[in-house]
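Student: Chains as they are written, first to last, in my numbering: chain A, 102 to 220; chain B, 16 to 368; chain C, 33 to 237.
If you're looking for bench data, these hints aren't it; they were derived computationally from the structure. Just so it is clear, CB atoms sit at the ideal spot from N, CA and C, and this is done for glycine as well. Any given hint might turn out to be false.
[Unchecked claim] To give an idea of the interface, some chain B residues facing chain C are shown, with a C-beta separation under 10 Å as derived from the structure: (1) Met33; (2) Leu51; (3) Ile52; (4) Ser105; (5) Leu115; (6) Ala147; (7) Ile157; (8) Trp161; (9) Phe169; (10) Val180; (11) Gly198; (12) Arg332; (13) Gln335.
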Amino acid sequence: MILSEYLPILLFLAVSTVIGAALLGLGALLGPRRGGAEKLSPYECGFEAFEDARMKFDVRYYLVAILFIIFDLEIAFLFPWALVFDDIGAPALAAMAVFLGILVIGFVYEWKKGALEWE
Amino acid sequence: MVEVVKGAIDAIFAGLPMVAVVVWTLVKIIAITVPLIVAVAFYTLAERKVIGWMQVRRGPVYIGPLALLQPFADTFKMLFKELILPTNASRFLYFLAPVLSLAPAFAAWAVVPFGEGMALADVNAGLLYLLAMTSMGVYGVILAGWASNSKYAFLGAMRSAAQVVSYEIALGFALVGVLAMSGTLNLGAIVDAQKGDAGLLEWFWLPLLPLFLIYFISGVAETNRAPFDVAEGESEIVAGFHVEYGGAAFAVFFLAEYANMILISFLTTIMFMGGWLSPFPASWGLLGEPGPWWLFGKAAFFMFCFLWFRATFPRYRYDQIMRLGWKVFIPITIVWILVAALIVHADLVQVGA
Amino acid sequence: MTTELALFYAFAAVTVGAALGVITVKNTVHAALLLVLTFFSCACLWLLLRAEFLAIVLVLVYVGAVMVLFLFVVMMLDIKTDSLREGFARYLPVAAVVAGIMLAQMLALIGWNAMLQVPAPESDGATLAGVGNTEWLGRALFTDYILPFEVAAVILTVAIVAAIALTLRRRPGVRHQDPSRQVLVRKEDRLRVVKVATEGKEAGK
């Protein structure tokens, strides 16, 4: 049954979260606590931090994230295909060739437009 | 030994079979995590020693015979250091970030088989689960960078996030190739599909050579290790996303990173190098026997490769990293998935024979 | 079976609680993280329904990819929370009406009877066919649903084109270096040795 197969995974996630939290707790317990404005200021090569570090970012990073979603979906489609194409045979191969062909058009467009360039 | 522990647990929780199952599973989880943590500790020592030898230095020598106690000294040092919470940082997210990077790095081990049928969770969709866990690792990095409210941390987090997601695509495509060859998502069955009379020539590295190389190199990039360590690049942005972290919080990030490196080494072995199968033909007697020792030996080699790369290659530039991921790896993997499918369709490779 | 039911209620409670948190907490980053938790516990619920593939893909695509983009946007745009919360009470009646209509539509679609019917535990398609969940889905997708599958490829391609058209800006006048050209520069390109007539003592002789 699927539940008994996934119970260890759920437990493992819980245990690893506990290990991480326990290490942090141990550090907080054992370590000293001697703060100070200079010590707790964010690192900026010795300068005073003169503005909020959370700044607007190059839109290119968003583009990478969007393209990642699209390719991730493509992988999600490829997984069941890779499992069954041998049983179904040529039609499945052709279907995936068309699927990848269409997406390669998008990829080539992306490439030619220079969306993959970092400058 | 195993039987004794299991018998004892069953006896204690005689009336509560469900509780007995949970306790037994917890024991098994501890039997995986404790050796993993110890392995990480000695991997750090090995790293310093190996890189030392490669640079004609001696590396650590003082603490204990062969510096074997060095990892423990480091651990205690980190635990006794102060936990810093920078001004302007978001307290909750700042301490959540290391936990969020450790949890998936450890939980991924739940489906890794160490030998024939020796996996904690022998699930059908093991490979898919691994990919999902890897994709969650990026949260720790993004949150650490943002919660610290420090410029270097923020820059490092952005660099790292974009790099990690780019290489994840190549990683996923490479796994599709393995899947097409083996026809199963179960990691144990993937190893079984690499069985054969010809020993190491039956493994998937041969028909999937480009995917094998791309998988391991993407794994190095995914873990932000040299030569792809621009996210940390100590000469440019000091330490990247974890610049503000010290003491135990830093130790948790460290643990996650090294656990991920060991995980990538094991997975490369399982997917492409025959897992626990012997490299020699079965007719060679004892040498041809499969067993967990082969898995550990092969994984140790890939772990050594991580250190070797670090000592050998200069750091890539960021635009080169992105170009390698998007313009080289992704096209090659797409083409090779179709090649692998045609190989299987034409029955050119005997799978699991 | 009781364990399964207990787990269902536990995950359902987390899902609902986290979803409520998404729309009520002040900090937008916290809201995004609660949305991650909502997706994650939804995946656990789907797992209880034996939809193994969809559950893990939900984590892979939504938690691993879509929410990363969300976090990027939320963190970088620096949305002012107060101005967003102003209209909360004003829009509440409209929102309630929309939610009510959506609920009615869903009930009409699924059917009240189907909700009351409890399916037999092992009656999902994959178990009946005796194959893994992913394999069963793959068979259905690549025999009966090939056309929708190809349409999905077209939609994804349109998404690529749209994303590039919306975000890719060539800002004129931005100076940037081309490091590979810098590295490849040779002495002859930069340095010119010029013969200059000598002056001074020698010239005066």
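Student: A closest beta-carbon separation below 10 Å is what the hint needs, so does Gly198 (chain B) meet it against chain C?
Tutor: This hint holds: Gly198 (chain B) lies near chain C, its Cβ roughly 9 Å from the closest one there, short of 10 Å.
Student: Do the numbers back the hint for Gln335 (chain B), that is, is its least Cβ distance to chain C under 10 Å?
Tutor: Holds: closest Cβ of chain C sits about 8 Å from Gln335 (chain B), inside 10 Å.
Student: Less than 10 Å between beta-carbons is the criterion; does Leu51 (chain B) satisfy it with respect to chain C?
Tutor: Check failed: Cβ of Leu51 (chain B) comes no nearer than 22 Å to chain C, outside 10 Å.
Student: Verify the interface restraint on Ser105 (chain B): the C-beta must sit less than 10 Å from at least one C-beta of chain C.
Tutor: This hint holds: Ser105 (chain B) lies near chain C, its Cβ roughly 7 Å from the closest one there, short of 10 Å.
Student: Quick check on the hint: Met33 (chain B) CB to chain C CB, less than 10 Å?
Tutor: Constraint on Met33 (chain B) satisfied, holds at 6 Å.
Student: Using the nearest Cβ pair, does Val180 (chain B) come within less than 10 Å of chain C?
Tutor: holds, 7 Å
Student: Restraint: Leu115 (chain B) near chain C, CB-CB cut 10 Å. Satisfied or not?
Tutor: holds, 9 Å
Student: Holds or violated: the hint that Ile52 (chain B) contacts chain C, with Cβ atoms closer than 10 Å.
Tutor: violated, 25 Å
Student: Given a cut of 10 Å on the nearest C-beta pair, is the interface hint for Phe169 (chain B) held or broken against chain C?
Tutor: Since the shortest Cβ distance to chain C is 9 Å, the answer is holds.
Student: Quick check on the hint: Ala147 (chain B) CB to chain C CB, less than 10 Å?
Tutor: holds, 4 Å
Student: Should the interface hint for Arg332 (chain B) be scored as holding, given a Cβ-Cβ cut-off of 10 Å against chain C?
Tutor: For Arg332 (chain B), the interface hint holds, since the closest Cβ of chain C sits about 6 Å away, which is under 10 Å.
Student: For the restraint on Trp161 (chain B), tell me whether the closest CB of chain C is nearer than 10 Å.
Tutor: Interface hint status for Trp161 (chain B): holds (5 Å vs cutoff 10 Å).
The earlier numbered hints that this structure contradicts are 2, 3.
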